[in-house]
Amino acid sequence: MIRIKDAFNGKKAFIPFITGGDPDLETTGKLLTAMQEAGADLIEIGIPFSDPIAEGPVIQEADERALKAGCTTDGLLDLVKSLKDKLTVPVVFMTYVNPIFSYGTDRFLERCADAGICGIIVPDVPFEERDEIAGSCREHGIELVSMIAPTSENRIRSIAKEAEGFLYCVSSLGVTGVRQEISTDVGSMIKTAKEVSDIPCAVGFGISTPTQAHDMAKVSDGAITGSAIVKIIAEHGRDCVPYVSDYVRSMKEAVIKAS
Amino acid sequence: MEKPGRFGPYGGQYITETLMNAVMELDEAYNKYKDDPQFKEELKALYRDYAGRPSLLTFAEKMTADLGGAKIYLKREDLNHTGSHKINNCLGQVLLAKKMGKTRIIAETGAGQHGVATATVCALLGMECEIFMGRLDTQRQALNVYRMELLGAKVHPVDSGTATLKDAVNETMREWTRRIKDTHYCLGSVMGPHPFPTMVRDFQKIIGEEIKDQLQKAEGRLPDAVLACVGGGSNAMGAFYDFIGDESVELIGCEAAGKGADTPETAATIATGRVGIFHGMKSLFCQDEYGQIAPVYSISAGLDYPGIGPEHAELYRSGRAKYVPVTDEEAVEAFEYLSATEGIIPAIESAHAVSYAMKLAPKMGKDKILVVNISGRGDKDVAAIARYRGRDIHD
Numbered sequence: 078m079i080r081i082k083d084a085f086n087g088k089k090a091f092i093p094f095i096t097g098g099d100p101d102l103e104t105t106g107k108l109l110t111a112m113q114e115a116g117a118d119l120i121e122i123g124i125p126f127s128d129p130i131a132e133g134p135v136i137q138e139a140d141e142r143a144l145k146a147g148c149t150t151d152g153l154l155d156l157v158k159s160l161k162d163k164l165t166v167p168v169v170f171m172t173y174v175n176p177i178f179s180y181g182t183d184r185f186l187e188r189c190a191d192a193g194i195c196g197i198i199v200p201d202v203p204f205e206e207r208d209e210i211a212g213s214c215r216e217h218g219i220e221l222v223s224m225i226a227p228t229s230e231n232r233i234r235s236i237a238k239e240a241e242g243f244l245y246c247v248s249s250l251g252v253t254g255v256r257q258e259i260s261t262d263v264g265s266m267i268k269t270a271k272e273v274s275d276i277p278c279a280v281g282f283g284i285s286t287p288t289q290a291h292d293m294a295k296v297s298d299g300a301i302t303g304s305a306i307v308k309i310i311a312e313h314g315r316d317c318v319p320y321v322s323d324y325v326r327s328m329k330e331a332v333i334k335a336s
Numbered sequence: 035m036e037k038p039g040r041f042g043p044y045g046g047q048y049i050t051e052t053l054m055n056a057v058m059e060l061d062e063a064y065n066k067y068k069d070d071p072q073f074k075e076e077l078k079a080l081y082r083d084y085a086g087r088p089s090l091l092t093f094a095e096k097m098t099a100d101l102g103g104a105k106i107y108l109k110r111e112d113l114n115h116t117g118s119h120k121i122n123n124c125l126g127q128v129l130l131a132k133k134m135g136k137t138r139i140i141a142e143t144g145a146g147q148h149g150v151a152t153a154t155v156c157a158l159l160g161m162e163c164e165i166f167m168g169r170l171d172t173q174r175q176a177l178n179v180y181r182m183e184l185l186g187a188k189v190h191p192v193d194s195g196t197a198t199l200k201d202a203v204n205e206t207m208r209e210w211t212r213r214i215k216d217t218h219y220c221l222g223s224v225m226g227p228h229p230f231p232t233m234v235r236d237f238q239k240i241i242g243e244e245i246k247d248q249l250q251k252a253e254g255r256l257p258d259a260v261l262a263c264v265g266g267g268s269n270a271m272g273a274f275y276d277f278i279g280d281e282s283v284e285l286i287g288c289e290a291a292g293k294g295a296d297t298p299e300t301a302a303t304i305a306t307g308r309v310g311i312f313h314g315m316k317s318l319f320c321q322d323e324y325g326q327i328a329p330v331y332s333i334s335a336g337l338d339y340p341g342i343g344p345e346h347a348e349l350y351r352s353g354r355a356k357y358v359p360v361t362d363e364e365a366v367e368a369f370e371y372l373s374a375t376e377g378i379i380p381a382i383e384s385a386h387a388v389s390y391a392m393k394l395a396p397k398m399g400k401d402k403i404l405v406v407n408i409s410g411r412g413d414k415d416v417a418a419i420a421r422y423r424g425r426d427i428h429d
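If you read the protein sequences in the order shown, they are chains B and P. Counting from 1 along the first sequence, just add 77 to a position and that's the residue number in our numbering. Counting from 1 along the second sequence, just add 34 to a position and that's the residue number in our numbering.
It should be emphasised that the hints constitute simulated quantities derived from the structure, not laboratory data. Just so we're clear, the structure is a prediction, and the values are computed from it rather than from any experiment. Some hints here could point you the wrong way.
As the list claims (entries may be wrong) - Computed cross-link-like contacts, SDA-like style, restricted to lysine to any residue with a CA-CA straight-line distance of at most 20 angstroms:
(1) 78(P) with 65(P)
(2) 37(P) with 309(B)
(3) 37(P) with 336(B)
(4) 238(B) with 55(P)
Can you make the complete structure from the sequences, with help from the hints?
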């Protein structure tokens, strides 16, 4: 059985994010295998939501495109399940709590496990509300990924202690999207987390260039990139696969150099 | 024991980690100041000397005679400064933010009532102010955009999603995660993550307290029913709260059914929604089978919201309050009726409650009393109602 921790096994991880169903499910399927071949260590698939409050314009628009193209939670689950044998890297879902709750939390997680999903990231379920889904996650063997942010301060230790899979370190204030520079002292956030847990820590939000990926991987266990990839998909539509592969390859090389 | 910020199964704090310390800091500050004698005195003085409280409780004599049933009283929140109940909450929150050392206020607005009230209080208390408003609403309510600018606020049109109130809330939350240290999010209704539903209700509960006091003086007793319109639900929560323990008082929330609660063009959350988790709270929401939030519609931009505050969801669940849908057409008829009958032009939002009062009063005995909360004045709606009736008038 594939586990999230396999992505960090003795190496720094590169973690790409794509919005499921953008521009269509068929392309999402091709992207998943292509990104794996290009060196992705763990893949995050966003289940599109009508009101993604943690996202900047790039991923908001991807969610809108995917929903307009008819992507549903069932459609995505079926797609991932159909690729179960081809995907050897861990795959996690990123979505908001309402699509999960509305589907039926238990039924959703059962279907995730059946499709081979290893974990879920739910940005609008903070530490205090984990009980909403944590029990069902445990029951179905799905790891619930926790997040820490530059404003977490005194909360980092309690969050890290309970964290599963990997700890998602939000690099900056604000929403997802490409940033010129990352000014937060990510290194000290991670140091605090590592004092109480040996959980792998990966950094996301605002990472778009190989240099940024290298710098962030240097102080952590991996780098996550979303908006920069979604932008390539928006630009090339169904023909995006080779462009995304090249990009993932370049980011992966930068992350390896940080090892 | 129930977790704080829970109303039965509803409420909670479903927000991003980035905002958690901000809402916890707010909760702590609110708990510290809500019983602080100096804070209470300052807020009371602002209510009295700036907002014009207490607002009147007017006996609607002609309406009562015309409908031939229960005695109808109107709670006149339309007479407050800025023309609606929104000022009560804004004075409370901005004063609190100032005590917390914040210098910048951000807020969402639908029709512009909450935006105008926020901009007004920011001008008064010397705070920087930025308002987020759906692009569509900035066009429908252009006059209110200019009004906010006149008051010194910066207005940001929001293009994402349906470009209306829910998207304005999304964008204000996003802005809050960008800049937290000096910034308070002045949420306009009894919704969002804890402590907002409780805090906003507390700043609005003066409406019901005054109703109780004023009716005691006028009639020597409690009303039999209190009616208010419900979008997010702040004026209704304010009018209901002091009566929750008075079992004999029926509490009735009037939702915007738009073109009908059985059509897709509706905003009647209780009638058509189901339990979900969105905008920081577990409550009832209009949504599709996959939990995608539904685009909603009402002639009233102030009720055009796909959810309802968690305390209302609980009042509905427990049966303490009931909620009825009122269509655009019924609300417009009530808007015209109250204007012509009592010389009071109500906000189209409040007209939803007036409409149900017109249905209910004749069924009640003459010895019964009902109170309708007129949450705002209707000047802002006159052009839109004229257009609804086929007269091409623009603001």
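So, going through the hints one by one against the coordinates:
| no. | hint | result |
| --- | --- | --- |
| 1 | 78(P) with 65(P) | holds, 17 angstroms |
| 2 | 37(P) with 309(B) | violated, 44 angstroms |
| 3 | 37(P) with 336(B) | violated, 44 angstroms |
| 4 | 238(B) with 55(P) | holds, 18 angstroms |
Checked against the numbered hints above, the structure breaks hints 2, 3 and satisfies the rest.
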